[in-house]
Amino acid sequence: MSSVFDRTASAITGLLLVMLIALLLLGHGMPVYLVNLAGQVMCFVLLAMAVDLMWGSAGILSLGHGLFFAIGGYIAAMHLLRTAFAATHVLPDFIQFMGNGGFPGWWALFDSSLFTALAVLVVPALAAFVFGYVSFRSRVNGVYFSIITQALTYTAMLLMFRNDTGFGGNNGMTGFHAIAGLPAGGGDAGVLLASLATAAVLVCLIGGRTLLASRFGRLLAAIRDDEPRLRFLGYNTLWLKLVAWCLSASVAGVAGALYVPQVGIINPSLLDPALSLEVAVWVAVGGRGGLCGAVLGATLINLLRSWMAASAPLLWPFVLSLLVLLVVLALPNGLLDMRNRSRGWMHSLLPAVGRPRP
Amino acid sequence: MGFALVGELLSSSDGLGRQIFKSGSLHAISAVMADLIATIVLALLLSGMVVRVARWLRPWRHDLSRCHFLSRTKVDAMRTLTRRSVIATAGAALAAPAIIRPGWAADTVKLGCLFSSSGTMANLEGRMNYVVQMAAAEVNASGGVLGRQIEVVTTNPASDWPTYAQMGRQLLQEQKVAAMFGCWTSVSRKSVLPVVEQNDGLLFYPLHFEGEENSKSVVYLNSPPSSSVLPAVDYLMSADGGSAKRFFMLGSDYVWPRTINKILKAYWAKKGIQPSAWQEQYVPFGFSNFQNLVNQIRSFTSAGGGQPIVVLTVVGSSIPDFLREYTNQGLKPTDIPVLGLDMVEADLEGLNTEGLVGNLNCWAYLQNAPGPRNQAFLANWAAYVKKSGAPYRPDVAIDPMVSAYDGVHLWAAAAKKAGSFDVPEVRKAFGGLTFDCPSGYTIGMTAENNYVSRGVFIGSVNEKQGFDVLWQSKDTPKPVPFSES
Amino acid sequence: MRSFVRTWLAGGLVILLLLQGRAFAAPAASMSRTDVLAKLCAAGGQDVPSALRQMLDGAVDASAADRDWAKRVVQGFSTRSLRCADDGSAFLTGPGGAVNAATLAPGASPDGLRAPLPSLRTRALLEQLDAALTLFVAPAAADRLAAVHTLERRGDGLPPGLLRHALDAEHDAQIAAGLRGLIVAAGLHSPDIPERLAAIHALGRDPTSQVVTTLATLRADPGYAEPPGVAAALDQELTQARWWVRIGDGLSLAYNGVSAGSVLFLSSVGLAIIFGLMGVINLAQGELIMIGAYATFCVQQAMRSVAPSMLDWYPLVAIPVVFVVTALVGVAMELLVIRHLYRRPLMTLLATWAISLLLVNLVRVGFGTQNLEFQTPSYLTGGVRLVGDFLVTWNHMGAIAFALAAFAVTLALLRLTDIGLFIRTVTQNRAMAGCVGISTRRIDMAAFGFGAGLAGLAGLALSPIYNVNPTMGTGFIIDSFMVVVLGGVGSLFGTAVASLGIGLVNVGIEPFYGAVAAKVVALLLVILLIQRRPEGLIALKGRR
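Protein chains in written order, with this note's numbering: chain A, 137 to 494; chain B, 625 to 1109; chain C, 285 to 828.
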């Protein structure tokens, strides 16, 4: 248990718990945009954790998690559009101008919230399975795997940008009416979604760390360190990797499904390879492995970004790129590295005056 | 570092006191708290980073000191310099928001801007911030609105559609703006739409678009297709316009081109033109290789059956890419003219327009619109660019700029008429408003919908990367939000 | 379809009637300058076509002075330098001051004059009239030849005798031949059957889809094809022309594919060195291309101010400059960042991403976000038509040639020089290379610089084809990586084959399913192919 809850993990879990309770108790009094911001950041944290689950433990970097994020988002959006249609009887405009008289028949499935919730978990995992199976079987790995996942997201983006694909093209899906009975975009829905996202992060953090501390987690680490040897010892690494990969995709799908109702729109820009790459950047800045770094990195960069977007928007790309360069060069394993100094990480924050030279 | 931090803390607590005094609400407290926490976390983080970097830089000193041409002292000086400049930059980054944070004053009313100054839309949208500020300055110079001066709050949604919604929410809830001016693409408008509707805000949208929408929370400053595109196509089908009989529709794959083309096809069908006389093609955003498509257009040109034209609804960087290939493959406006519905002066920058002279566009304002009001507007803009140091050409004015300019004045007039800044009151005052637009037309609004009736211009590309006014409508056609089909 | 044919029949008849009518009409008197100018200046522009007609008809018998005058007025009118005063006088403005449009005598023009704007219909007439006048007045043979080519497109409704007059006055053999061709082609509607047949065969000699349309329309006209021999001649030429057009279409598809492939190759050859040979995932590759394009721009601006007469040759001057500049940027990247990360490939990915972000924003701050204006050299504009509608455009030809040159030079460098040998050695076995005394660090730096320089040259070559702005690089990166991975890492031949293949597949699918589908299919194909052959098409044997 001690490896599941080391000092950092307990601190982060505590903070998240406090935040969850604060949201539930005080959320209704807070400005909606702040609650929304918190909720969105939590969704990105979840996405970063999904990436870290693969990268940190098995050493497989996915530059295509935007795909699973978007799948979850599109599924949620389809459900919301169906419920909006049931309430208002107005067809979404992309269905109108493509000349279709109504929703495609199979969309009726998404009337059910239970089915939608299942689909959010299963469909990204299925997509991940198909792609993962062919790739892992032909032993595409390392950098090549990263590049191919990136190309896959890019392809999906091109596909979704087409209006003929049937998901609204560039304009995407918008015009959600109600979320679980609460008016979309209102304070109540915001609090609900933000608390859900925070809870999901908590569950994923605890569950993920437990999983990584288990035998399965150790096998993943073994894959990262020397996959051929593990294979030689008689383990079927294909299925080990696949399970982790599908799990990670599901988590990303959940993140997407919680993200889309909060921003009120989904369009293929979520599939932009740049977003998927940035998720990897969050993880790298926070520190790979153990999921804590992912939480830290995603939270910090996203807060910093939304703060700078208001105050110094043109400076932001410079700050981000310099931050990444510094982290990559000076802190090989991200901000978590600060913790591993011999005198503890709090010490390293103090001025270097009077400290003996190494 | 310390100074900046203290400054930030001071300004925050100062703001805190004033905000509680002003509104006394929990909102303000939590907003300031969030700012405070962010500042402290950032400061800690950055100082940690600086220390860490300094430590990491240390080994480099040895490398440097091995260089013969650097004396020991010089190396030390360099090192401190680096360190100091890192700290200075960090301090500047922290101090920046304190300077930029808008002040609270009782005698101002706020207008918000939702235009990106970074990302793919920056080149087009960025200039809009300045136009709104210029118009606000004009209103302020003439005494403001209801005794208050207008204060423009700008944001940067960074060309990211969900961010438009987030920023819009902040403008409405945190800044309490009386109205917003913003969005360029349809998708960004669609993203903000639910936000303005739920918060009962007001968004002035300056672009021509696909129509089929009439929200009470949006003022559509530019024309829907039926009152802008159809007159232009009518002109091209007249004897003077070359009696166009066949149409090659080439567009970017999204709602605006598709809706326009759908309306056009219905219009032609009504005129008895056979579907064999048109062809429809869509390309993705940012598409650049038009070799094949221009090939297709060449064979379309020579297929016979009457004068062909290209109805071009591609947007963004695809426009100059298309035009370049069009000239390159030897197509001429006299053989197959291009009606570029989204083409503006900025798209011709960087092109040799000699082979393009005669191609057309269609907007509710052209820079060469006749009349003293336009001269005055252009002179004002040039002066404003010079004064504010905006990174845009002082000698280029495009339709959306004028639309946003009109929007500010229309809003001011509506608020004056209503005697209030409350959105429902202002909205009620829209019916019957008029404004003398720089285009030379007197534009107006009716109580019927939130559209502004504008004139129509057809422009013809000239050698100077601009557009001459080839045709203009007699008056301002009544905007029809929804197409009939 | 039926009504379509009927419209055409009617149209053809009208043209025939017009032609006949003109033959009987008395030739117009020499053009009256004031009359023409008054019509050109008339408000509303309704009279402009008749004024132009008057000038065209008058051009046949006009004096040299009148033709000269007409040419100046026509040019003034099309460039809007013809200004009309309200009292009916008109002026031609120009850099050297204004002249009276009727007398061409210098005279100050009053302010506030109206500049009539030619309508679309008028522009077509202006083009024809300008070409017709050029045949008589232009001193340069090249101008007259260009006029002949214009009249090949716009030969309808030329007054009879105009071409013969021009031919009589012509002494350049090539232009005369062109004029004769025009005269023969003008006989298409002649009542004289042999003349008609000659015209039909003349048309068939240069088959384009335009020709096919014309012939097919005539063939469908029972009145026209009635005389003996005409129908057979039409059929024969039509079948042949259709064949040639089809061949031309196939060729242009192949040409487009090859040129798209060479663009891909150019943008990925630098990456093939950096990623393929060194294993560094350089996400800033696209930005190096962008920097190359910006360096080209700087060279162009420098030449514009220093040697404006040599401006056309700026791409040649830019080659070494661009290479050196981008190579230096690459070396700086390698020294400052990448050197420290060789053992952590996924970290280089993030670091180079940060660098690309930094470069884009630095350029944005320095140059702004707008597209840069490039003066396309005259030898890279336009093209030449070969078979059917197959047009060889010079800018794409330039890209192909540049890609070939880049391929040859890179290959030669890798295969024939010492440094190439070292690079290959380090690629195959870094540790062993180090053991035998190769400074692997220095080789890494050189290879990175070389790869970056190649990317810069790609920017130079792509500047006439693409829009140059700070974000132009992002569009290349995924395609380039796919090319390199598909081709087989470390294999230059593989890169060439892969880029050609992707280009051809892309362009081949595009006409049928649209550009997006083409790209999607190409990418999916590549992803599948990599699953089948993880090592790429051409695998390099060796230890890595």
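Keep in mind that a hint or two might mislead.
[Stated by the list, open to error] A short, non-exhaustive set of chain A residues, derived as facing chain C with CB atoms under 7 Å: (1) Asn236; (2) Val270; (3) Ile283; (4) Leu294; (5) Thr346; (6) Leu347; (7) Val417; (8) Val464.
[Stated by the list, open to error] Quick look at which bits of chain B chain C covers, simulated, 3 or more residues with Cβ under 8 Å: (9) 743-756; (10) 790-801; (11) 905-911; (12) 957-967; (13) 1040-1046.
[Stated by the list, open to error] A few chain C residues that don't get close to chain B, going by computed Cβ distances all over 10 Å: (14) Ala453; (15) Ala500; (16) Leu675; (17) Val752.
It is worth saying that the hints were derived from the structure and are not from the lab.
Cβ atoms here follow ideal geometry from the backbone N, Cα and C, with glycine treated the same way.
(request) Could you tell me which of the numbered hints above are not met by this structure, giving the numbers in increasing order? (result) 1, 5, 6, 10, 13, 15, 16 and 17
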